[in-house]
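Q: In case you want the letters, here they are:
Number of protein chains: 4
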Amino acid sequence: MLPRDHAQAILDAQPFSQLVGAELEAFEPGRCVIAAPFREDLTQHMGIAHGGVIATLADMALTFVGGSVLGPVITSEFKINYLRPGTGQRLVARGSVVGHGRRQAVTRCDIFCIVDGEEKLCAAAQATIVKLEDQNPQ
Amino acid sequence: MLPRDHAQAILDAQPFSQLVGAELEAFEPGRCVIAAPFREDLTQHMGIAHGGVIATLADMALTFVGGSVLGPVITSEFKINYLRPGTGQRLVARGSVVGHGRRQAVTRCDIFCIVDGEEKLCAAAQATIVKLEDQNPQ
Amino acid sequence: MLPRDHAQAILDAQPFSQLVGAELEAFEPGRCVIAAPFREDLTQHMGIAHGGVIATLADMALTFVGGSVLGPVITSEFKINYLRPGTGQRLVARGSVVGHGRRQAVTRCDIFCIVDGEEKLCAAAQATIVKLEDQNPQ
Amino acid sequence: MLPRDHAQAILDAQPFSQLVGAELEAFEPGRCVIAAPFREDLTQHMGIAHGGVIATLADMALTFVGGSVLGPVITSEFKINYLRPGTGQRLVARGSVVGHGRRQAVTRCDIFCIVDGEEKLCAAAQATIVKLEDQNPQ
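Residue numbers (this note's numbering), protein chains in the order written: chain A, 28 to 165; chain B, 28 to 165; chain C, 28 to 165; chain D, 28 to 165.
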């Protein structure tokens, strides 16, 4: 298990998470919320949030929520479905744990955009998160 | 089908692709290579490329290569496996088309890091790409 | 939308679903439960449920629940994570709808095994389900 | 690494693989081909191969090819895209290894149907395969 201030310190030490403006909104065992302001430099050519931004926030929520039950982790893999263009004022990724053992967690994440105060579901993701000492670098 | 200069124009018009430094290295029917210099602001807390950066380049190569056979497209979904930490001097995502019909393509992408001139496989992805007029906004 | 008797008729007309003993336990808009008795001929070499059986029940629940909101559908793709060996007396796949438009649904499914009356989570899946007239045969 | 006769013995000891008629057509380090005759009892209600059958053959090729480089393994997860209805006389799943370390492999599989002697691509899959002693039962 990772305490919240440890999770916050990890996020603060991630230059790319800072670049996209990611913030830790909530962090407790089995639950993590990562959010970012919708900014013009996070868009693609049609003015909506770039798929890579949505995937980045999903990756973060999926991984951090895995860490909330396992301690330091890495992401083995994830899958993401895009449901609706990301627009509005804010992007919010809510991660949860489907199940976990000692060394691995399966996590899910729903990614919303906040449009004039209303949450709309933009994407849904599922991941395999692995405890750091059990990673498998080649 | 999308001509290369059209693909380049789309990439140039994507603020987030510019933010991560993505470049179109190759683009022809059934093949697309997207690359980016490895920069410190693309890393996570352990100094390797952030998973979101790898996913962003994968998303781009998967989508653009779908566009290379379908014309304007959106990404319906993708899945990515991380194999090795992204390090070195450059990240390169090579996309290909597994199969496609008139309205949809299944595409794959291998993402490499270039370390002192040597290519190392970092991640592997697979996607469903849909022709733009057939998208399904809710 | 598909009425329950229509869903039951489809399942009854699927020889492979009959071969694995799949039953429609519940079917209403946004919810579908498919179950099968755990049988020796559904196992692999270690005596647990074959991954293909779990995937088959997942595929069915993911697809039928998509049909519960869209009408006749096909499965575009799905992803499944295995969490625990399938053992016990019964396998149960519970499908739900994450979000949908007119032509496509993103669905999820949790697959449980029933061991001496206790439900244990075996696998978790996520899919893209497409309305039949919008399919994309090549 | 798993020798071919060991792989064959595992397949022979899998009741469900026997039920669907799966055969080991090829097995060597980094390559595995699993095939099955197209039979009426493997279909769904429209007379094409049930998605669960395609997924089962994919699961087998993905897992066995992982075993070809790692030894005894289990499937952590996989993702499958359906491209075309499975018809004809035979279904063939060709598995390959994208990359692997000591304990984990990322594998891919293309699934074809043989229609009057011609191979047609039906589905494409990607998986995470884990060495058996490193599995993570909960």
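Heads up, a few of these hints could be off.
No distinction is drawn between identical chains; accordingly, a pair holds when it is met within one copy or between any pair of copies.
Distance condition first, Cα-Cα at most 25 Å in a straight line; then the derived SDA-like pairs of lysine to any residue [claimed, not checked]: (1) LYS147 to GLY98; (2) LYS147 to PRO30; (3) LYS147 to PRO42; (4) LYS147 to SER123.
Source of the hints: derived by calculation from the structure; they are not laboratory data. Remember, predicted model here, so these are calculated numbers, not experimental data.
Q: Hint by hint, note whether the structure agrees.
A: A quick look at each hint next to the structure:
In this assembly of identical chains, the alpha carbons of LYS147 and GLY98 lie at most 25 Å apart only when taken from different copies (24 Å versus 31 Å within one copy). Proximity of LYS147 to PRO30 under the C-alpha cut-off of 25 Å is found in neither arrangement, the shortest distances being 30 Å within a copy and 28 Å between copies. For the homomeric pair LYS147 and PRO42, the shortest alpha-carbon distance between copies (23 Å) is at most 25 Å, but the shortest distance inside one copy (28 Å) is not. Taking identical chains as interchangeable, the C-alpha atoms of LYS147 and SER123 lie at most 25 Å apart whether they share a chain (18 Å) or sit on different chains (18 Å).
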